[in-house]
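Chains as they are written, first to last, in my numbering: chain A, 14 to 362; chain B, 457 to 876.
I should point out that these hints are in silico values taken from the structure, not numbers from a laboratory. Note that beta-carbon positions come from the ideal geometry of N, C-alpha and C, so glycine has one too. Check the hints yourself; a few may be wrong.
[Claimed, not checked] Taking CB as the label site, the calculated pair distances span:
1) Arg343/A x Thr727/B: 47 to 55 Å
2) Glu59/A x Gln465/B: 47 to 55 Å
3) Ser179/A x Leu852/B: 25 to 33 Å
4) Pro846/B x Arg340/A: 36 to 44 Å
5) Gln228/A x Gln465/B: 53 to 61 Å
6) Asp182/A x Gln540/B: 48 to 56 Å
7) Ala491/B x Arg259/A: 48 to 56 Å
8) Ser604/B x Arg259/A: 27 to 35 Å
9) Leu335/A x Ala491/B: 53 to 61 Å
10) Thr727/B x Thr155/A: 40 to 48 Å
[What the hints assert, rightly or not] Residues from chain B that keep clear of chain A, each with C-beta distances beyond 10 Å, as calculated:
11) Met457
12) Asn483
13) Leu504
14) Pro645
15) Leu648
16) Asp677
17) Leu683
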Amino acid sequence: MQTLRVVCYLNQFFGQLGGEDKAGVGPQVMPGAVGAARAVQQALGEAGTVVATVLCGDNYVAEHPDTAVAELLQLVAAQHPDLVVAGPAFLAGRYGVACGALCAGVQTQLTVPAVTGMHAENPGVELYRRQVYIVPTGAEATRMLDEVRRLVSLGLKLARREPLGSPTDEGYFPRGLTHNTLVDDNAAQRATAMLLAKLAGQQIVSEVPLPDFPQIPAPPPIKELRHTTIALVTDGGFVPQGNPDRIEALAATRYGAYNIQGQQQLDPGQYDNVHRGYDTTYVKQDPHRLLPVDVAREFEQQGTIGKLHETVYSTTGVATTLAHSARMGREIAAQLRAAGVDAVILTST
Amino acid sequence: MRLELHWSQVETFTAGTTTRLVGKALNVNLDELRALLEADVRLQLVRLDLTAPGDSCRIGRVVDVLAPRAKVDGGEDFPGVLGQLRRAGSGRTRALTGVAVVVTDQQLENPGSLALIDMSGPAAALTAFAHTHNMVISAWPAPGVGRSEYLGAIRLAGLKAAVYLAQAAGDVEADAVEVFDLPAPMRVPVTLQHLPRVAYVFQIHSHQRPTGIDEGILYGDPVRRMLPTVVHPNEILDGAIVRGFMGRHATTYAIQNHPVVRALYAQHGHTLWFAGVVLTVAQATEPERVRSACLAAGLVAYVLGADGALFTKIGGGAPHVDMAQAAAQCEALGVKTTLIVEDMSTDGSQEGMLLFNFPGLDALVNVGSGQERVMLPAMESVIGADDMTPTLQSALQTSYGSICGAIEQVGASRLMALVQ
Numbered sequence: 014m015q016t017l018r019v020v021c022y023l024n025q026f027f028g029q030l031g032g033e034d035k036a037g038v039g040p041q042v043m044p045g046a047v048g049a050a051r052a053v054q055q056a057l058g059e060a061g062t063v064v065a066t067v068l069c070g071d072n073y074v075a076e077h078p079d080t081a082v083a084e085l086l087q088l089v090a091a092q093h094p095d096l097v098v099a100g101p102a103f104l105a106g107r108y109g110v111a112c113g114a115l116c117a118g119v120q121t122q123l124t125v126p127a128v129t130g131m132h133a134e135n136p137g138v139e140l141y142r143r144q145v146y147i148v149p150t151g152a153e154a155t156r157m158l159d160e161v162r163r164l165v166s167l168g169l170k171l172a173r174r175e176p177l178g179s180p181t182d183e184g185y186f187p188r189g190l191t192h193n194t195l196v197d198d199n200a201a202q203r204a205t206a207m208l209l210a211k212l213a214g215q216q217i218v219s220e221v222p223l224p225d226f227p228q229i230p231a232p233p234p235i236k237e238l239r240h241t242t243i244a245l246v247t248d249g250g251f252v253p254q255g256n257p258d259r260i261e262a263l264a265a266t267r268y269g270a271y272n273i274q275g276q277q278q279l280d281p282g283q284y285d286n287v288h289r290g291y292d293t294t295y296v297k298q299d300p301h302r303l304l305p306v307d308v309a310r311e312f313e314q315q316g317t318i319g320k321l322h323e324t325v326y327s328t329t330g331v332a333t334t335l336a337h338s339a340r341m342g343r344e345i346a347a348q349l350r351a352a353g354v355d356a357v358i359l360t361s362t
Numbered sequence: 457m458r459l460e461l462h463w464s465q466v467e468t469f470t471a472g473t474t475t476r477l478v479g480k481a482l483n484v485n486l487d488e489l490r491a492l493l494e495a496d497v498r499l500q501l502v503r504l505d506l507t508a509p510g511d512s513c514r515i516g517r518v519v520d521v522l523a524p525r526a527k528v529d530g531g532e533d534f535p536g537v538l539g540q541l542r543r544a545g546s547g548r549t550r551a552l553t554g555v556a557v558v559v560t561d562q563q564l565e566n567p568g569s570l571a572l573i574d575m576s577g578p579a580a581a582l583t584a585f586a587h588t589h590n591m592v593i594s595a596w597p598a599p600g601v602g603r604s605e606y607l608g609a610i611r612l613a614g615l616k617a618a619v620y621l622a623q624a625a626g627d628v629e630a631d632a633v634e635v636f637d638l639p640a641p642m643r644v645p646v647t648l649q650h651l652p653r654v655a656y657v658f659q660i661h662s663h664q665r666p667t668g669i670d671e672g673i674l675y676g677d678p679v680r681r682m683l684p685t686v687v688h689p690n691e692i693l694d695g696a697i698v699r700g701f702m703g704r705h706a707t708t709y710a711i712q713n714h715p716v717v718r719a720l721y722a723q724h725g726h727t728l729w730f731a732g733v734v735l736t737v738a739q740a741t742e743p744e745r746v747r748s749a750c751l752a753a754g755l756v757a758y759v760l761g762a763d764g765a766l767f768t769k770i771g772g773g774a775p776h777v778d779m780a781q782a783a784a785q786c787e788a789l790g791v792k793t794t795l796i797v798e799d800m801s802t803d804g805s806q807e808g809m810l811l812f813n814f815p816g817l818d819a820l821v822n823v824g825s826g827q828e829r830v831m832l833p834a835m836e837s838v839i840g841a842d843d844m845t846p847t848l849q850s851a852l853q854t855s856y857g858s859i860c861g862a863i864e865q866v867g868a869s870r871l872m873a874l875v876q
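Throw the hints in and build the complete structure from the sequences for me.
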């Protein structure tokens with residue numbers, strides 16, 4: 014097997030430049046394995062050679078967050094590595110963040126695999142575990158060689174593009190990404206075994222981690238509807254004919270804002286529905302089944318409500334990613350607030 | 457109720473002048489079968505192709521796959537859709553292993569989902585249908601035949617072919633006889649009364665897309681507004697249920713060999729008591745959904761008297777939530793549940809895998825992500841999608857969801873989305 018070119022990244026302390034007094038030193042490169050990188054070379058054995066060690070002071074990275082990583086990437090790139098091993102950073106916070114940032118940059122900008130290691134409470138874990146493979150370590154460098162071996166063994170798999178098992182099996186912090194894998198038993202057999210275990214009161218491991226959505230407190234109730242401006246918002250796929258905003262039929266990334274000024278009712282001939290997650294026959298026949306503009310106008314004229322907001326917002330809520338849902342919600346809410354809207358009727362399907 | 461499947465193993469499948477099974481060699485008179493299928497006035501032309509495991513062949517535009525089965529002793533095949541209405545699930549049924557009927561969609565102006573089967577290469581490991589000798593039906597509509605009529609016609613052609621092939625076994629002795637014998641739910645021998653009682657809640661259709669009047673699913677019924685219904689599991693194995701026209705990630709083949717029914721039968725009397733099956737459909741409106749969830753949970757808890765229930769769904773997001781609502785109602789009645797779900801994330805993130813968050817629904821098995829991309833190599837030949845031959849012959853990037861049989865929502869497949 015080909016010997017891999019490995020570049021290590023260390024801070025001033027593990028690179029043996031000095032202690033906190035040297036934390037301000039800028040990026041530099043040394044040939045071969047220096048300081049703690051010697052443990053990496055030992056763990057690699059015949060599989061790879063540490064061709065260079067890139068070093069930088071913790072304070073330098075923390076104080077120049079934008080430029081330091083770019084400078085380090087240049088030094089790394091010049092070595093043409095097959096793998097970058099950063100740290101391990103243990104519980105050292107500034108060092109952990111630097112390792113995470115560098116590994117993320119190495120992966121995306123140099124398209125070279127990278128691995129780092131740190132303690133679960135290192136802030137670098139929460140910041141970078143989604144982007145980077147981070148091996149859990151102790152808080153201090155008391156079992157350095159052992160932990161570096163785990164880091165290197167994961168790094169070699171990444172460099173050789175070998176398939177990875179679960180975070181528990183391989184020993185890295187879960188990245189929260191899903192990847193299709195073939196397993197031995199079919200889903201029905203696994204489900205039967207899981208149900209029997211659950212019935213027996215045994216510990217079960219769900220194949221889908223249970224969601225941990227934040228609780229969103231309900232806003233205080235409206236006391237005086239008579240002075241309230243109410244907006245209509247839907248994720249039911251309501252669009253004007255021709256779908257001018259090109260809202261996706263599923264997995265939406267866009268929403269539309271449509272003016273209804275002067276409309277007592279929505280004319281079915283002017284509107285369409287692009288939602289691909291439910292039978293839209295009835296809302297196409299009569300869009301008020303989705304957006305009750307007709308009743309809202311009556312209430313407005315009777316003085317039951319203060320005003321109907323003259324813009325309605327719409328998207329398609331089907332297979333929409335949580336990230337896009339949250340962003341669109343924030344943007345719509347900001348516009349409604351800026352327009353002085355007091356309350357929203359949100360219709361879903 | 458007692459059902460016997462009389463299995464014959466097929467190892468070679470060739471075209472010839474007569475249709476018969478000799479040893480493990482199945483010979484089929486394609487002209488005779490084609491004439492039988494072309495008798496349907498909705499179809500103008502039928503073409504039949506054979507392909508075997510290991511061939512450098514890609515089957516395109518797959519709509520459904522069926523297992524060859526034929527009733528003996530005067531039973532009816534696929535009652536209510538092909539045969540006369542009669543209860544399925546008892547008596548003897550001929551069955552072939554190593555053979556499948558693959559139905560493709562040739563109404564090209566309105567192509568449905570483009571599902572593929574690779575008979576060799578990396579995708580072959582993902583699907584059962586790369587390991588069967590396949591008879592591929594390509595049928596073109598007669599002028600003026602609409603979409604629903606056409607889908608009804610090709611599905612019927614598939615069912616006819618499945619029966620025709622199984623009948624080729626004639627009265628030769630079966631290689632193996634598999635017996636499915638389950639008493640009525642309450643008749644438990646005293647010595648087995650300590651076993652946990654387990655029910656299966658089988659969602660058979662989603663009304664996100666309403667069924668056509670000729671889209672028979674349960675004994676020929678289009679299951680419009682169907683309320684939860686108790687059936688014997690043997691009925692499922694014996695042709696009472698065929699997949700709707702557009703079932704996503706589900707084949708009739710998987711239903712005929714239903715993996716949950718088989719898994720529960722395998723444990724029945726040993727680690728559990730198989731208490732029965734409740735059929736449901738995913739409903740289109742909220743009151744229907746809540747009504748269905750209440751009724752299903754009531755049947756599971758109070759009629760079947762189950763301690764545990766296993767759930768599967770068909771279709772996409774709404775059926776996923778619909779299934780979860782019924783399961784949550786079961787948990788509220790003290791019935792422990794396990795659900796088979798698809799990874800619903802559209803961006804590969806763990807947060808998007810599920811569309812529900814009910815306390816108690818903590819035992820979830822997943823059948824993988826249909827959205828994840830996969831690279832397939834070039835193949836020498838393409839069948840079932842003549843118009844796309846150049847595209848399908850070359851290496852192509854597609855999604856796991858496009859590989860027919862890679863994701864079977866009823867639980868027959870072995871793909872799993874691993875959180876990394």
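How the hints compare with the structure:
1. Arg343/A x Thr727/B: 47 to 55 Å: holds (50 Å)
2. Glu59/A x Gln465/B: 47 to 55 Å: holds (50 Å)
3. Ser179/A x Leu852/B: 25 to 33 Å: Check passed, 30 Å falls within 25 to 33 Å.
4. Pro846/B x Arg340/A: 36 to 44 Å: holds (40 Å)
5. Gln228/A x Gln465/B: 53 to 61 Å: holds (57 Å)
6. Asp182/A x Gln540/B: 48 to 56 Å: At 54 Å between Cβs, range holds.
7. Ala491/B x Arg259/A: 48 to 56 Å: Given about 49 Å between the Cβ atoms, the range holds.
8. Ser604/B x Arg259/A: 27 to 35 Å: Between Ser604/B and Arg259/A, where Cβ atoms are some 29 Å apart, the hint holds.
9. Leu335/A x Ala491/B: 53 to 61 Å: With Cβ atoms ~55 Å apart, the hint holds.
10. Thr727/B x Thr155/A: 40 to 48 Å: Check passed, 47 Å falls within 40 to 48 Å.
11. Met457: Holds, because the least Cβ-Cβ distance between Met457/B and chain A comes to about 21 Å, which exceeds 10 Å.
12. Asn483: holds (32 Å)
13. Leu504: Answer for Leu504/B: holds, closest chain A Cβ roughly 30 Å.
14. Pro645: holds (20 Å)
15. Leu648: Non-interface label stands for Leu648/B: nearest chain A Cβ at 15 Å, farther than 10 Å.
16. Asp677: holds (19 Å)
17. Leu683: With a cut-off of 10 Å, Leu683/B remains clear of chain A, as the shortest Cβ separation is near 18 Å.
The structure agrees with every numbered hint stated previously.
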